[in-house]
Amino acid sequence: MEFLRPAGWDEALAAKAECPTALPISGGTDVMVEINFDVHRPAALLDLNRVTELAEWTIEDGVVRLGAAVPYARIIEELSGPLPGLALAAHTVGSPQIRNRGTVGGNLGAASPAGDSHPPLLAAGRDVAVEVASRARGTRLIPIDDFYLGVKRNALAPDELIRRVHVPVADGPQQFSKIGTRNAMVIAVAAFGLALHPRNRTVGTGIGSAAPTPRRAVEAEEYLRGVLEEQRLWESGAPLGSEVVQRFGELVRAAAAPIDDVRGTADYRRHTLSVMARRTLTWCWNDYGKQIRSAA
Amino acid sequence: MRVAFTANGRPVEADDVWEGESLLYVLRERVGLPGSKNACEQGECGSCTVYLDGVPVCACLVAAGQVQDREVRTVEGLADPVSGDVGVVQQAFLDAGAVQCGFCTPGLLVQTHALLARDPRPGDTDIREALSGNLCRCTGYEKIMDAVRLASARVSAQGRGQA
Ligand SMILES: Cc1cc2nc3c(=O)[nH]c(=O)nc-3n(C[C@H](O)[C@H](O)[C@H](O)COP(=O)(O)OP(=O)(O)OC[C@H]3O[C@@H](n4cnc5c(N)ncnc54)[C@H](O)[C@@H]3O)c2cc1C
Ligand code: FES
Ligand code: FES
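Line order of the protein sequences matches chains S and V.
Each residue of the first sequence is one higher than the last, beginning at 1 in this note's numbering.
Each residue of the second sequence is one higher than the last, beginning at 1 in this note's numbering.
Mixed in with the good hints, there may be bad ones.
What the hints assert, rightly or not - Have a look at the derived ranges for each label pair, beta carbon to beta carbon:
(1) S:Lys152 x V:Trp18: 54 to 60 Å
(2) S:Thr282 x V:Gly84: 56 to 62 Å
(3) V:Glu142 x S:Asp261: 56 to 62 Å
(4) S:Glu18 x V:Glu29: 28 to 34 Å
(5) S:Asp171 x V:Val82: 55 to 61 Å
(6) V:Pro81 x S:Val169: 44 to 50 Å
(7) S:His40 x V:Pro11: 38 to 44 Å
(8) S:Arg126 x V:Glu13: 37 to 43 Å
Since the hints were made in silico from the structure, they are not lab data.
Beta carbons: idealized from backbone N, C-alpha and C, even for Gly.
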């Protein structure tokens, strides 16, 4: 095995171009488990820890450009305002030690359907994009809806690395909910992210651990968008009828395609999704109503 | 490959390190610092917790090559480097009877040390949250909670940075 230690981004891309089978390692919280248990013996490890720009974030034109290697602990501390959904999800990842090392870039690289970054990234809207690059073809932006291809498969080409994720700054309430057996160190049985986008009057959702890939609940999004529009609820912030909340939960449930496994049955996953959908919608809408009333 | 880094304030070097080797293995088997324990090798138990550049991490999940030129502080580095006297957190664990088999202890000591450096007077919820990645199969955690509260009281009485 080789250990490649590029000192900067261009060097990293060059290393990946020369050795496309080199496995990038950032926080190592997925990679090292596989190596320790001999699940995976890559030809080379490509260490990204010295590529300091990957551990930076900026906000430009209302969009957070989140470096692939910013650890969860820093997302919670530094970005809870602009990225509330992602920060809530980050808070549920593993343990403090895992959050000190684990990154969104690594979560996207692993592309596990249970990855906790995915539901809030999907919910943050269709403008969310993963910025990747290769030495040969330069930079491209992959829309989040095109990023997840299958169980642990993503749209990255073998010579590409993830540089950062572009996520619009939240313009409304966002929530994240996750079901597991205890409060720490839990791989989600199912997870759900919700974001309200008052500016363009849309609703974003993301389902985790309940399909081969993370996915949005398109019909639930459309249904809620329609109701909010028709009943002029974005203007009034008036409470949602219980039938609306109920229907939203049913549509989220219907969008899932879960399996039975050791963590839970498909039925249980569907059930938890409808509950999480109703809860997060109630929380978000209550917050939105408060904002409208305090602005009035 | 060769890996050189700082461990507990001293420069150390390890040769013939396998590229897939963990920092935990290097510490225990190559540079004479067996304090950090290996109990799961998958980030679940926290008994390998060390500081990497001042941040507590699971040493079993850090690739050895990633620590080149960086600073590691292990449980051995919590004692006074000259006298060898144990630190406040260590003494509190001894006094509170928070150690049974002791396998979880090194990780808990480092993680508690980090907690008290950040927040010398954590509430019980903060303590439980901070230690949620450290498993103990012996104590039932109550004595550990006592130890952290005791350390907190002693650190607060002394002023910050004395843990
Ligand atoms: C004890 C424990 C608990 C966990 N709990 C959770 C949890 O609650 N929720 C959750 O979602 N995950 C959890 N995980 C999994 C893991 O922590 C996350 O997936 C994390 O986001 C991985 O980030 P990393 O930087 O450590 O990735 P790494 O292990 O460094 O890499 C993961 C994958 O991404 C690739 N990669 C990394 N960076 C890049 C890049 N810049 N470009 C291209 N590819 C890249 C790697 O090659 C690898 O395939 C847990 C892991 C452990 C060990
Ligand atoms: S040995 Fe590293 S967390 Fe268990
Ligand atoms: S004292 Fe035995 S595991 Fe904690």
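Does the Cβ pair V:Glu142, S:Asp261 satisfy 56 to 62 Å?
Violated, at about 34 Å.
Can the suggested window of 56 to 62 Å be confirmed for the beta-carbon pair S:Thr282 and V:Gly84?
Since S:Thr282 and V:Gly84 have Cβ atoms about 57 Å apart, the given range 56 to 62 Å holds.
Taking the CB of S:Glu18 and the CB of V:Glu29, does the distance hold inside 28 to 34 Å?
For S:Glu18 and V:Glu29 the Cβ distance comes to about 32 Å; the hint holds.
Status of the given 38 to 44 Å range, CB of V:Pro11 versus CB of S:His40:
violated (32 Å)
Quick one: are S:Asp171 and V:Val82 within 55 to 61 Å, going by C-beta?
holds (57 Å)
Tell me if the beta carbons of V:Pro81 and S:Val169 are separated by a distance inside 44 to 50 Å.
holds (47 Å)
Could you say whether the range 54 to 60 Å given as a hint is met by the Cβ separation of S:Lys152 and V:Trp18?
violated (25 Å)
Range agreement (Cβ of V:Glu13 with Cβ of S:Arg126, hint 37 to 43 Å)
Once the Cβ atoms are compared, 51 Å apart, the range 37 to 43 Å for V:Glu13 and S:Arg126 is violated.
This entry does not satisfy hints 1, 3, 7, 8, going by the numbered hints stated previously.
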